[in-house]
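**Student:** Each protein sequence line maps, in turn, to chains R and L. No gaps in the numbering here: position 9 of the first sequence is 9 in this note's numbering, and each next residue is one more. No gaps in the numbering here: position 19 of the second sequence is 19 in this note's numbering, and each next residue is one more.
Bear in mind the hints are in silico, worked out from the structure with no lab data behind them. Be careful, since some hints might not be right.
As the list claims (entries may be wrong) - Result set (SDA-like, lysine to any residue): computed pairs, CA atoms no more than 25 Å apart in a straight line: (1) R:K57 / L:D82; (2) R:K83 / R:I26; (3) R:K78 / R:E1; (4) R:K42 / R:D71; (5) R:K57 / L:K3; (6) R:K42 / L:K3; (7) R:K42 / L:N23; (8) R:K57 / L:N97; (9) R:K42 / L:S53; (10) R:K57 / L:Q38; (11) R:K83 / R:D71; (12) R:K57 / L:G102; (13) R:K57 / L:D31; (14) R:K42 / L:L111; (15) R:K78 / L:N23; (16) L:K108 / L:E66; (17) R:K42 / L:E66; (18) R:K57 / R:E1; (19) R:K78 / R:M15.
Please read these numbers as outputs of a predicted model, since none were measured by experiment.
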Amino acid sequence: EPEVTQTPSHQVTQMGQEVILRCVPISNHLYFYWYRQILGQKVEFLVSFYNNEISEKSEIFDDQFSVERPDGSNFTLKIRSTKLEDSAMYFCASRAGTGGPGELFFGEGSRLTVL
Amino acid sequence: DAKTTQPNSMESNEEEPVHLPCNHSTISGTDYIHWYRQLPSQGPEYVIHGLTSNVNNRMASLAIAEDRKSSTLILHRATLRDAAVYYCIVSFTGGGNKLTFGTGTQLKVEL
Numbered sequence: 001e002p003e004v005t006q007t008p009s010h011q012v013t014q015m016g017q018e019v020i021l022r023c024v025p026i027s028n029h030l031y032f033y034w035y036r037q038i039l040g041q042k043v044e045f046l047v048s049f050y051n052n053e054i055s056e057k058s059e060i061f062d063d064q065f066s067v068e069r070p071d072g073s074n075f076t077l078k079i080r081s082t083k084l085e086d087s088a089m090y091f092c093a094s095r096a097g098t099g100g101p102g103e104l105f106f107g108e109g110s111r112l113t114v115l
Numbered sequence: 001d002a003k004t005t006q007p008n009s010m011e012s013n014e015e016e017p018v019h020l021p022c023n024h025s026t027i028s029g030t031d032y033i034h035w036y037r038q039l040p041s042q043g044p045e046y047v048i049h050g051l052t053s054n055v056n057n058r059m060a061s062l063a064i065a066e067d068r069k070s071s072t073l074i075l076h077r078a079t080l081r082d083a084a085v086y087y088c089i090v091s092f093t094g095g096g097n098k099l100t101f102g103t104g105t106q107l108k109v110e111l
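If we strip away everything but chain R, and leave its shape as in the complex, we get (with noise of 0.2 Å):
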């Protein structure tokens, strides 16, 4: 069954330093999805990619973060200069897109840990 890929793990690192988290989304898969989620709280929605661009984000998605698709197999999100309150789990989707509502398909996530 196709899945989505997700590296690292678990990434530690200090305060301030860039981070790029890694996502291989299902191939054919036309929306990429990060998604993160704080230790003991909600799935929070970060930003939706779709043809090369952002097509939506949320208030969390600041100039800090940025999203990148760079050779048709990848799907970064890159944290320019983490912040304590960036530790949290970051989830990748996609989805098709083809015709009505189609599943999101997640990852099984980064772990990101800002010492």
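Based on these hints, arrange chain L on the given structure of chain R.
**Tutor:** Just chain L now, kept in the frame of chain R:
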């Protein structure tokens, strides 16, 4: 997205059916009803979705009220592996619209 209301937690015994309710009184005509679940330490996982008619798949059934203001996710025979947080999400998902997760229902399954 329309607001949804779910119980914070429910308990079930293994091998018994579980009915997880969701109220969504502000649903609009083009909104779909989605259910996802999140097992411990994993990403959310699709369970089922529907618009007006009841739906069945290998994981569960979705019963939608005639006025669409509420729905029920039915797990026919709960197992320990079904212990998870279940999210009911109401959203128009044309194109790439996002899904907005609430706090969901924590389902506990006991032997």
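**Student:** Check each numbered hint from earlier against the structure, then list the numbers of those it violates in ascending order.
**Tutor:** 1, 2, 3, 4, 9, 11, 14, 15, 16, 17 and 18
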